[in-house]
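**Q** What follows is the residue order along each chain.
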Amino acid sequence: MNRRGFLASVSVVTLAAGLGLAGGYSARASEPEAVFALGSAEIGAPHHDPIRATLLSTVATLIYDRLIEQDVDQTYHPHLAESWENSPDGMNWTFKLRQGVRFHDGEPFDAATIAWWIPKFKGSPNEYLVDAVDRVEVVDDYTVRFVMKRAEPNLIYNLASSFMGIPSPKAYDAAGDNFGVTEAVGTGPFKFESFAVGQETVLVANEDYNWGSDLSENKASPHIKRLTLREIPDASTAFLELKTGGVGLLLGVPDQFLPQLQAEEMLDFRSLPGFGITYLAFNTRAEPFGDAAVRQATALAVDQGAILKSVFNGVGLEAHQFLISTLVESKIDPKLEIHHDLAKANELLDKAGWQRGDDGMRVKDGKPLKIKLTAQSETAIKRTAEIVQAQLKAIGMVVEIDIFDSTTVVDQLKKGQHQLAVRQYGWNNADILDWFFSTTNIPYPNSSGWQDEKSQELRNVAMQQSKTQDERVANFRKYQENLIGNFLFVPIHEPVQNYAFNKTMLEVPEKLRGTQLVQATAVDIKVVG
Amino acid sequence: MIKHRALALLKAVSTFKGGISGAFLLLLVIGALFAPWLSPYPYDQQDLGIMNQAPSLTHLFGTDEFGRDVLSRMITGARTSLSVSVTAIGISVLLGLVLGATCGYFGGTFDRVVMTVIDLTWSFPEILIALMLVAIIGPGLEGVVIAIAIAYLAQFTRLTRTQIMSLKSETYVEATISLGAGHAHVLFSHLLPNALAPVLVAAMLATGDAIILEATLGFFGLGAQPPTPSWGAMMSSGTAQLFIAPWVILLPGLAVALTVVFINLFGDAVIAALDVRAKFREA
Amino acid sequence: MLLPVFFVVSLVVFFIIHLVPGDPIDNLMRAGSTPEQRLLIEAKYGLDRSLVEQYVTWMGRLLTGDLGNSIIQGRPVSALIARNLPYSLELGIAALLFSTLTGIAAGVIAASYQGTRVDDTITGFILLGSTVPSFWLGLLLILVFAVWLGWVPVSGARGWSSLILPTIAAGLGGIALVARVTRIAMIETSRQDFVTLLHAKGLPPFIIQLRHVLRHAMVPVVTILSLRIGWVLGGAVTIEYVFARPGLGSLLIRALNQRDYPLVQGCLLMLAMAVIIGALIGDIVQAAMDPRQREARA
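Chains G, L and V, in that order, give the protein sequences.
Per our numbering, residue 1 is the first one in the first sequence, and the count goes up by one each step.
Per our numbering, residue 1 is the first one in the second sequence, and the count goes up by one each step.
Per our numbering, residue 1 is the first one in the third sequence, and the count goes up by one each step.
Honestly, the hints are just simulated from the structure, not real lab data.
Mixed in with the good hints, there may be bad ones.
With a Cα cut of at most 30 Å, we get these calculated DSS-like pairs of lysine-lysine [to be verified]:
(1) LYS414/G x LYS44/V
(2) LYS170/G x LYS201/V
(3) LYS370/G x LYS351/G
(4) LYS201/V x LYS149/G
All chains should be built: construct the whole structure from the sequences, respecting the hints.
**A** So, in structure tokens, the structure goes:
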């Protein structure tokens, strides 16, 4: 391309883009409108296609309905599936579908939709969710049967995942790669209007909606008629938007901002139990953490209470085991839980041959007890690292912090270049234990490098030989008790999810339903005045 | 020559602007050098009982989110910020002098190729170059030093090259060359010493910019690894307490601004004192 | 000359991102996915082949105008750039205009009152404005004008009112440079013989200043501006971050953090080409403006 040609094409692109920009703003008055800001973890979702997404924002839960909804107490509630039944051998699941449901494009929702939908996951990043399903049989117009490859009591959890929002088959196949970008059609309470990647999604109320789940007070069309969901990367900017009324609700407020929030007259917030754990991950293949005694001493030196108070402003819970507290699997033998015990930590190190030097730092065979702590630049993680650094100094361990961006941290873990790392996971199922500690997942995500026959046997039983939910719970408890006894991690904190809103603009129910503030609560939010 | 420059420096300091800014910078350097002795508290001493406290007599600049003394952290932070930017600009100037002098003196294809690359990097935003390089080199101050050095390399190369080229065409240099003096002799004895003054002044002004760049990288969480403070890193963690502890973000910002202002004023004073041509005209 | 430069740029742009540790696939994997899926994705984007092979494929596509697909976002790189470019241009041009006009005005006034208190005050204020980190200034501006006074929205990219604060935050730093160059050029030019002649002819001083001196003094200013095209397009990363604006800078940095190779390469290549073209345009405009060069051709 010659220079002039290039210039010409650049200016044409610019002009066209500029015109498109100018055409985008048409304000519609008098209808109840609201603006939400997405949480920082949801920012950057490239599209709203649940099937091929690796990152989905709250937006997807508003456009699409799921077969089953999960509440915060981990109970399951019917939505597009009115009822379901699992055969005693776990090999057949039968779902009765709700009648009279239509997609935004007018297409009906019925058994054929499901028969089209499940096979669509083949080859997608979310394939594992329905991996155990061999095929879908249409029993009648509103009844489907999932024939399983293996028993999978966890299927019900998978179906309640936000990746299980059901798109309109016709629109999906017609739009191809553009589905979720230029259009997104579901059966949900909100209809897609426009989406600017990294900036905002605009939704309008689905006036035909009358099939809300029993988690919502309002089963019909949402009170908010026009909803904009903005993406604001900087937490302080998002907070200032809320304060000035530019945004009505923040989906996710960093804990550091809570004291500032509480000081504001017109702001209020709601919390939901957390969705993950902040913890320290050991690399058992790198000294000194190959020695279980050093791992245990490190674990006992961490004071979860102090971290909760200073880093998280007292919000959330101290974590003393690896799973979120709303999971029944988390109720392990209390004696095995990891609690702060400085004296015992020092005693363990003394016994292991680590002697204190003149400066108070420990040495063994001429080698100082000096380790690298890998962390990422996100505020809560960085602060946790700083305070752990100070706490480990008390047992004579010298800690150097290395802050990387999140992708480099993963690379370090994968290559086993770390010794100790501050990590955070977001997952509300016990199978996270398999993800991080199964031998099959070495070197990553099992970056602990933990290889142990007994542990792996317990893992296999929990993952593959549980026929019912109760069995699965018991098996996962045993699996975690084994892992925690080997001191493979130091649980630190269980965050809560904070949602802040402007009282002068929105009315948010006192009690939030669902595992996050998503569809179930969003339809109940009212615009004030 | 040396005497002449010392005189110019003296002259610069004797002006009002030069005096004030020189004094401030001197204080700052002393503070940075003797940080461990001047700080009222150890910069990494946490006290969770006194988090986010407003400035008081015991903590003149207040405390941060871990109850650490902000004043002590700012003094140590000055040390980080200054040493990073001075080292980076120092490396950059050395490389720039070598590259610029070679290009300006010899010219030709080598010059063309080098200058094309240099111009490209010059037109690229420093922040992008720095973010890219830090990602490659890894965390820590070394990465930031190298990134800043490369981001500013173009400026010094260009300046040196222009200086050398204009000096080269002066009669006395042409005479020296025609008398059969070696390239090295001409470059090092005649050209570089005369080209040095403007480059050094530019280096000083660039040190100010480098402090800002270091702060910006710190804002993105790059550079100084905790608990080591730098002004940028302090501002970065201060954003979360904007309303409950504004001093944590405001004071380091002011420190950056003041330092850079004084560096610029001092630079101006030196330029004024060095500017022989202007003095001729005014006489 | 352009061709070899393009080749070298394409080499640097392609390989530099591969020097950064980590890879994009890690950002695609979620709890529960299998190693086989990982291999599949790698193969899909050709990441399982050697770097040289990947470069040849990339270059081949590039020559047909195809920048490839973003790995993380699954969309064509060119479409993503086109979506973000208008926002960068909007802010970049606004900031450039702001800093140039204010800078020239300040430079002219300071030069006219050279050596007086007016000169000192203007120079001082501008200096102060250019020495605060832009993210810090951005937050401060939001606090004062959006939170306390409520004149403009805090953030976003909707309408002209949301453009004011980012423009000031991004442009303030540039004022000092333009003002400084203008001031010096004005002072130098006003000492030249033709100006003395014009004064002798009895022309009003402000006409001489604005019509003759300023035009001469503009030449170095234009040179500087033409070299700032890179800043216009990609230099506002911090501003975009603080004000939650989309833009090329943010697109690039996010892609860099996710190791989204094709997107990083596409953004860098586009910026580099813009920079080269900017310098060329600068040369042309400069030649057209410089009265000496114009007269020489006449």
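**Q** Work down the list of hints and note, for each, if the structure agrees.
**A** Results for each hint:
| no. | hint | in the structure |
| --- | --- | --- |
| 1 | LYS414/G x LYS44/V | 22 Å, holds |
| 2 | LYS170/G x LYS201/V | 82 Å, violated |
| 3 | LYS370/G x LYS351/G | 18 Å, holds |
| 4 | LYS201/V x LYS149/G | 99 Å, violated |
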